[in-house]
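**Student:** Chain residues, written in single-letter form:
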Amino acid sequence: MSARALPAGQAIRLVAGREISTRVRSKGFLWVTAAFVAVIVLGGLVLKLTSSTSSPSTVGLTGSAAGSGAQVVAAAKAVGVDVTTKDVADEATGREQLEHGDLDALVTSTDPRLTVVVHSKVDDDVSAVFGSLAQQLELSRAITELGGDPSAVAQQVATASPDIVVISPEPKRDGGQIVAGIAVGILLFISLMNAGQLVAQGVVEEKTSRVVELLLATLRPWQLMAGKVLGIGAVGLLQLVVVVGAAAITALSIGVLDTSSLDIGAVAVWALVWFVLGFLTFSLLLAGLASLVSRQEDIGSVTGPVITAMVVPYVVGISIAPYAPDNPVVRVLSIVPFASPFVMPIRQALGAAEPWEVALSLGLAVAVIPLLVWLAGRIYSNAVMRVGGRVKLSDALSRS
Amino acid sequence: MPTLEIDSLDKSYGPTRALRGMSFDVRAGEIFGFVGSNGAGKSTTMRIVLGVLEADGGEVRWDGSPIDADTRRRIGYMPEERGLYPRMKVADQLVYLARLHGLSASDARASMERWTHTLGIAERRGDEVLKLSLGNQQRVQLAAALVHEPDILVLDEPFSGLDPVAVDVMSGVLREAADAGRPVVFSSHQLELVERISDRVGIVKAGSMVAVGGIDLRRTEHRRWSVVGPPDDAWVGAVPGVRVATPVSTATSAPTSTPTSIPTSTASGRPAPVVVDELPGAAPDVDQALLRAALATGPVHEFSLVRPSLAELYRDVVASDDPVQVDDAVQADKEAHA
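Protein chains in written order, with this note's numbering: chain A, 1 to 400; chain B, 401 to 738.
Calculated from the structure, these hints are not laboratory results.
A hint or two may mislead.
Unchecked claim - Take a look, some chain B residues computed to stay more than 10 angstroms from chain A by CB distance:
1. 423
2. 428
3. 459
4. 533
5. 560
6. 591
7. 631
8. 644
9. 677
10. 702
11. 718
What the hints assert, rightly or not - Computed cross-link-like contacts, BS3-like style, restricted to lysine-lysine with a CA-CA straight-line distance of at most 30 angstroms:
12. A:121 / A:86
13. B:489 / A:27
14. B:531 / A:27
15. A:86 / A:48
16. A:77 / A:121
17. B:531 / B:489
Please read these numbers as outputs of a predicted model, since none were measured by experiment.
Where a beta carbon is used, it is the ideal one built from N, C-alpha and C, also for glycine.
Work the whole structure out from these sequences, hints included.
**Tutor:** Put into structure tokens, the structure is as follows:
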């Protein structure tokens with residue numbers, strides 16, 4: 001038994017394998033993943049419950065109103081409200097049912113005036129229905145008095161509609177797309193931030209514990225950095241796959257997307273693509289910068305600018321993009337490298353990104369990665385063995 | 401026999417010159433003890449051998465060719481700054497390190513099991529390093545240096561922080577490695593220990609090797625005898641080529657009792673030994689003349705060659721500002737190897 005030559009690919013796989021096996025088994029990873037999944041599933045359920053409150057209102061009819069069910073339903077339909085009616089024996093019974101919430105409103109008379117009893121307040125929908133109904137009843141009476149046929153007039157009124165010419169149609173965005181945009185934005189930010197911090201901490205951990213000297217006696221610095229970045233990236237991707245998968249399954253199984261034009265499969269795939277690009281971009285920078293310090297508490301002092309470069313596009317993206325995906329600032333940020341991973345997936349979820357914008361954005365994001373590999377590799381190689389105080393960035397860059 | 405050659409290494413940290421032409425070599429099957437004060441350049445030299453640091457000049461060779469990444473992977477290294485993953489289990493950690501040095505997964509596991517057993521930490525395989533006592537952490541660190549069955553051992557202060565039992569285990573491991581034909585280089589501040597287990601010793605001062613050689617080689621430079629029996633030292637004057645030793649430079653020696661400090665009497669009430677130094681140019685058999693002269697004064701209870709300890713030599717060399725004697729020593733060593 002003796003040591004054999006270790007090809008670079010195998011060295012990187014070993015380092016990455018250690019990162020994956022220690023991190024996947026860590027409590028932190030399990031808890032964060034579980035929390036993500038719980039939030040997504042609960043969020044979906046809450047969304048489902050809140051959006052299903054538009055169940056049809058039930059209107060009771062009694063006294064002179066009995067038998068005017070068709071009229072009520074027609075009036076409700078005219079204002080876009082779903083209403084069912086039911087006959088109630090007398091007003092007292094009706095009031096009782098109002099108390100119990102079995103009825104949303106009780107019509108006690110239509111002639112001479114429309115009289116409606118409600119429990120505590122008039123629902124907006126109900127008030128619109130009865131406002132319209134009262135006007136119709138009044139109109140019918142007037143038409144009858146003038147010798148006309150109210151039902152013929154009603155027919156004509158109902159079919160009258162304006163011809164509307166739209167010069168520049170606004171793309172239709174539905175609630176599902178907006179929710180997906182926000183969710184993707186938040187998820188990517190948290191995932192990238194989390195994975196990036198893990199890389200920074202992992203680099204410093206090896207310096208703090210001095211194990212780096214033992215490792216560098218058999219590995220080249222770039223192999224160690226590459227293995228670490230790829231290993232943690234794989235863990236982050238796994239986490240995101242689980243969370244995004246949970247989101248997609250939740251959305252499909254509870255049917256919140258039945259009325260949405262959201263393509264959840266595409267959104268999920270793009271989220272993963274942007275995670276990979278964003279992770280490579282930021283984790284390389286963070287690995288390089290973190291190698292300048294030797295203590296966990298000093299990480300913030302060197303990674304601050306990078307963290308800011310993550311937070312700013314995220315805040316702009318999440319607060320504007322879901323509602324105005326074509327805002328010029330949002331458009332620019334969705335294309336610029338470093339910002340694009342936080343903004344473009346939101347625009348894509350909203351179906352607002354032009355194919356050329358996506359292509360340009362991807363191209364630029366991929367193009368900066370080799371540059372970052374070079375930069376981070378140089379800083380890391382020069383700084384990682386220098387344990388003690390903080391290494392100056394200029395020193396790390398200038399030493400060959 | 402392959403040799404690890406450290407040839408004229410230079411290294412500066414900014415304005416500080418850490419190494420100036422550091423040179424020595426370690427043959428296969430030999431334990432080389434590396435001593436020197438803090439900051440003399442021992443760790444820097446070892447780090448350069450491992451490729452963890454790059455030298456500004458000079459070369460490290462193994463078996464005649466410059467050392468490369470594949471050879472370095474066959475070195476077992478114990479860095480001065482101990483380092484392991486604190487939250488990783490002992491077994492996982494050792495297997496990982498063995499695999500990084502190119503062992504297959506099954507070989508790595510077998511080797512981990514063997515070394516944890518040899519070093520008495522088999523019970524601790526499932527514990528995180530963080531939770532071990534310092535002594536056990538040190539044993540894990542040694543296991544980390546050995547677990548890939550290295551062909552060369554480079555250990556920076558392997559004995560520091562070890563209890564006496566662990567020191568014995570560690571010495572045994574080094575001896576076994578050397579007996580198996582591997583070169584072993586280690587540094588230590590425990591000079592008695594270095595003297596006991598090293599085949600050769602190198603003393604470093606201000607970035608260069610100032611004395612190197614087998615312990616016996618250094619001891620023949622000038623002889624010194626201790627004679628117990630004669631009541632005084634007047635008889636020494638009759639022997640050509642020797643003189644009574646003056647109490648050794650207490651300015652450079654610590655006042656603790658070293659073999660060269662001359663007590664006025666011993667606890668047993670016997671006369672104090674007379675210590676006699678050889679003068680340059682003395683005949684090789686001057687010891688015989690000395691003994692005869694001593695016997696002429698009466699009974700002689702003890703007549704012995706005083707071997708200066710490494711500690712003494714170390715103090716002389718490290719305190720000395722005169723590089724000449726030192727170069728002689730290096731020269732003598734090189735001739736001895738040639």
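**Student:** For every hint, state whether the structure bears it out.
**Tutor:** Structure-based check of each hint:
1. 423: Non-interface label stands for residue 423 (chain B): nearest chain A Cβ at 22 angstroms, farther than 10 angstroms.
2. 428: 15 angstroms, holds
3. 459: 18 angstroms, holds
4. 533: 17 angstroms, holds
5. 560: Given a closest Cβ separation of 15 angstroms, the condition holds.
6. 591: 26 angstroms, holds
7. 631: 61 angstroms, holds
8. 644: 52 angstroms, holds
9. 677: 46 angstroms, holds
10. 702: 50 angstroms, holds
11. 718: 26 angstroms, holds
12. A:121 / A:86: Answer holds: residue 121 (chain A) to residue 86 (chain A) is near 20 angstroms, not above 30 angstroms.
13. B:489 / A:27: The hint holds at about 16 angstroms.
14. B:531 / A:27: Holds, because 18 angstroms separates the two Cα atoms, which is no more than 30 angstroms.
15. A:86 / A:48: Holds - the C-alpha atoms of residue 48 (chain A) and residue 86 (chain A) are around 28 angstroms apart, at most 30 angstroms.
16. A:77 / A:121: 21 angstroms, holds
17. B:531 / B:489: 10 angstroms, holds
The structure agrees with every numbered hint stated previously.
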